[in-house]
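A.B. asks: Sequence:
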Amino acid sequence: MKSMVTLLSALLVAVLTISANAEDLKSGLQVGDSPGAFNVKDITGPNKGKSLCYRCSYGSRPVVSVFARDVNADLAKLVKEVDEIVGKNDDKKMAAFVVVLAEDADVVAPKLEAMAKENGIKNVPLTIYDGEAGPQDYKIAEGSDVTVMMWNKSKVKSNVALAKGKLDTKAIESIVSETDKILN
Numbered sequence: 003m004k005s006m007v008t009l010l011s012a013l014l015v016a017v018l019t020i021s022a023n024a025e026d027l028k029s030g031l032q033v034g035d036s037p038g039a040f041n042v043k044d045i046t047g048p049n050k051g052k053s054l055c056y057r058c059s060y061g062s063r064p065v066v067s068v069f070a071r072d073v074n075a076d077l078a079k080l081v082k083e084v085d086e087i088v089g090k091n092d093d094k095k096m097a098a099f100v101v102v103l104a105e106d107a108d109v110v111a112p113k114l115e116a117m118a119k120e121n122g123i124k125n126v127p128l129t130i131y132d133g134e135a136g137p138q139d140y141k142i143a144e145g146s147d148v149t150v151m152m153w154n155k156s157k158v159k160s161n162v163a164l165a166k167g168k169l170d171t172k173a174i175e176s177i178v179s180e181t182d183k184i185l186n
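Sequence positions in the sequence shown follow the numbering used here and run 3 to 186.
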């Protein structure tokens, strides 16, 4: 009996730890951090086909950066929402870019081109970072499917990290509401 209680206790601790970790996914730069430079290959933006640093190009403007490991319908919904917000806040010089972390750019590029075309994405460049780990200084967690960081005046004001399957309508609404932190 005593060993059964011990076993059940250990199992309960393991389940609670896994649940807590799923809710507390830490990925990317944290609030107060300064985003550093890194290069991406622009697939759909104004610098299509070129390698550049959008972080550098946007300077101290209010920026939404979306790091993703997969190109799918949920990511498209998020990007479409961000694209609309950027378009509406042109007067505040708001900017955004999407970075897909990929080992094979040739596989991902056509998916990004299709996403931009099918969703009318005009204000948010879709880019590829060479490597699934992402820029080293950005500390993108292996367990994060989508990491959204927002900054203004070169300081991170918001960070949302989501595990695979967690980017849904509710999460997108929450992320979109976070843009107020970089616009005010």
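The set of hints was computed from the structure by calculation and includes no laboratory data. The structure displayed is predicted, hence computed values, not measured ones. Glycine included, C-beta positions come from ideal geometry on N, C-alpha and C. Treat each hint with caution, since some may be false.
Unchecked claim - Here are the computed distance ranges between Cβ atoms for each label pair:
| id | residue 1 | residue 2 | range |
| --- | --- | --- | --- |
| 1 | D108 | N74 | 16 to 26 Å |
| 2 | D182 | G51 | 32 to 42 Å |
| 3 | K155 | D106 | 17 to 27 Å |
| 4 | Q32 | S62 | 16 to 26 Å |
Unchecked claim - Result set (EDC-like, lysine to aspartate or glutamate): computed pairs, CA atoms no more than 20 Å apart in a straight line:
| id | residue 1 | residue 2 |
| --- | --- | --- |
| 5 | K183 | E86 |
| 6 | K172 | D76 |
| 7 | K124 | E105 |
| 8 | K50 | D93 |
| 9 | K141 | E86 |
| 10 | K157 | E180 |
| 11 | K90 | D35 |
A.B. asks: A separate judgement is required for each hint: does it hold in the structure or not?
C.D. replies: These are the hints, each one checked on the structure:
Distance hint for D108 and N74: a CB-CB separation of about 18 Å, consistent with the stated range 16 to 26 Å. Checking the proposed 32 to 42 Å range against D182 and G51 shows it holds: the Cβ atoms sit about 34 Å from each other. Between K155 and D106 the beta carbon distance is about 36 Å. The supplied range of 17 to 27 Å is therefore violated. Against the hinted window of 16 to 26 Å, the Cβ-Cβ separation of Q32 and S62 comes to about 19 Å, which satisfies the hint.
As the CA atoms of K183 and E86 are separated by approximately 17 Å, the hinted pair is consistent with the 20 Å bound. At roughly 11 Å between alpha-carbon atoms, K172 and D76 fall within 20 Å of each other, so this suggested pair holds. Of the supplied pair hints, the one linking K124 and E105 is violated, its CA atoms being roughly 26 Å apart against a limit of 20 Å. Only pairs whose Cα atoms come within 20 Å are accepted, and K50 paired with D93 is rejected, the gap being roughly 24 Å.
With a C-alpha separation of about 28 Å, the suggested pairing of K141 with E86 is violated against the 20 Å cut-off. A distance of roughly 14 Å separates the Cα atoms of K157 and E180; the hinted pair therefore holds under the 20 Å criterion. A threshold of 20 Å between alpha carbons decides the hint, and for K90 with D35 the separation of about 27 Å lies outside it, so the pair is violated.
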